[in-house]
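Asker: Sequence:
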Amino acid sequence: MTALHDLSALDQAAAVRRREVSPVDLVEHYLARIAEHDASVGAFITVAADSAREQARVAERAVADGAPLPPLHGVPTAIKDLNNTAGLRTTFGSALMTDYVPDVDDYVVVQLRAAGTINLGKTNTPEFGFPCYTQPAIAPPARTPWDLSRLAAGSSGGAGAAVAAGLVPFAQGSDGGGSIRSPSSVCGLFGIKTARGRVSGGPYAGNVTGLGVIGPMARTVRDAAAMLDAMAGPMPGDPYWAAPLPAGESFLGHAERDPGRLRIGRYVDPVIPGAVVDPAVQAAWEDTSRLLDSLGHDVEDIAPPLTAELIPHFEIVWSLSATTLPVDPARVGELEPLTRWLRERGMATSAQQA
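Under the numbering used here, the first residue of the sequence shown carries the number 32, and numbering increases by one thereafter.
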């Protein structure tokens, strides 16, 4: 018999609808896996076992009552600890926020709950999401379950570790400079940096740069598409709105459709100028190119869109983001070194430079 955690999120949702498995069964299964494996992979900062069990009981009653069910009814997930969850500790990976419990949910949390998912807790993230690795001072590092000697990248490293280790079938992440894409690569998952405004970052003001967006992380493209369908949509006050899909269409529908012959560009040089590419990464790049070519697609070499001159500009944007943190001046010394350095650099940036 297939283990529950080996089923895709969509298969789990279908099994709940057919009453082959209950939301309580799913939640208890995943909570047991978290208890057994999370110490090794460092996926969670906070596990919300009690609230997850209560949500599961409510979801189970809805099935028994024959009520109309949302598309992902009873399927467990997890929220990155950079997103607010009402009544559930939200640390932002920082020692300054370990006692912070929000009064309201971020809109993405509301959307995922409306789609029927059950939140098992808050996934690990570095302090305020700034580093490309997930090793906060307040929690063990997030590690890829494929090789526990290596980190799960970041800043959605906890989400990546959770999905890859089978602690949740899919998870919400966020990405400004690779924070979904890097952990997905390291953990063998599918993750996507969505279009700006595709998923609301509200109700609080988003990052000042507009670089950070919310997206899905999953083991299959179909699961990621279904999660994006659940999360997508603008909300009042959003500074950016992405064009909606045509009426009657969905991301899941697109994922299940034959795309036809595609024209695919591949970068001939590293996206970061001067970066050294590991031979294993180079080999995977070549293998993927050959696979796409064998499937009938046109694969073309193109130059990266960025030049070395743009790196200092990104560093300015990066450091300015750190100036928006709600930090008590008396506690600045408690920030981790990278966060403190970024904040100091941002504070020293002139309006003309910005």
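Hint data in this document are derived by calculation from the structure and do not stem from the laboratory.
Even glycine gets a Cβ: it sits at the ideal position worked out from N, Cα and C.
Check the hints yourself; a few may be wrong.
Unchecked claim - Pairwise CB distance ranges (calculated): (1) Ala-274 <-> Tyr-131: 33 to 43 Å; (2) Arg-50 <-> Pro-368: 51 to 61 Å; (3) Ala-226 <-> Gly-279: 31 to 41 Å; (4) Pro-360 <-> Ala-314: 23 to 33 Å; (5) Ala-382 <-> Asp-309: 36 to 46 Å; (6) Arg-321 <-> Leu-341: 46 to 56 Å; (7) Thr-338 <-> Ala-314: 40 to 50 Å; (8) Arg-321 <-> Pro-290: 27 to 37 Å.
Asker: Hints first: check each against the structure and report whether it holds.
Answerer: How the hints compare with the structure:
1. A C-beta distance of roughly 35 Å is found between Ala-274 and Tyr-131, which places it inside the suggested range of 33 to 43 Å.
2. For Arg-50 paired with Pro-368, a C-beta distance near 53 Å keeps the hint of 51 to 61 Å intact.
3. Judged by the Cβ atoms, the range 31 to 41 Å given for Ala-226 and Gly-279 is violated: they are separated by roughly 20 Å.
4. Distance hint for Pro-360 and Ala-314: a CB-CB separation of about 50 Å, inconsistent with the stated range 23 to 33 Å.
5. The given range of 36 to 46 Å is respected by Ala-382 and Asp-309, whose C-beta atoms sit roughly 40 Å from each other.
6. In this structure the hint that Arg-321 and Leu-341 lie 46 to 56 Å apart at CB is violated, the actual value being about 31 Å.
7. Checked against the hint of 40 to 50 Å, the pair Thr-338 and Ala-314 fails, with Cβ atoms roughly 27 Å apart.
8. Between Arg-321 and Pro-290 the beta carbon distance is about 18 Å. The supplied range of 27 to 37 Å is therefore violated.
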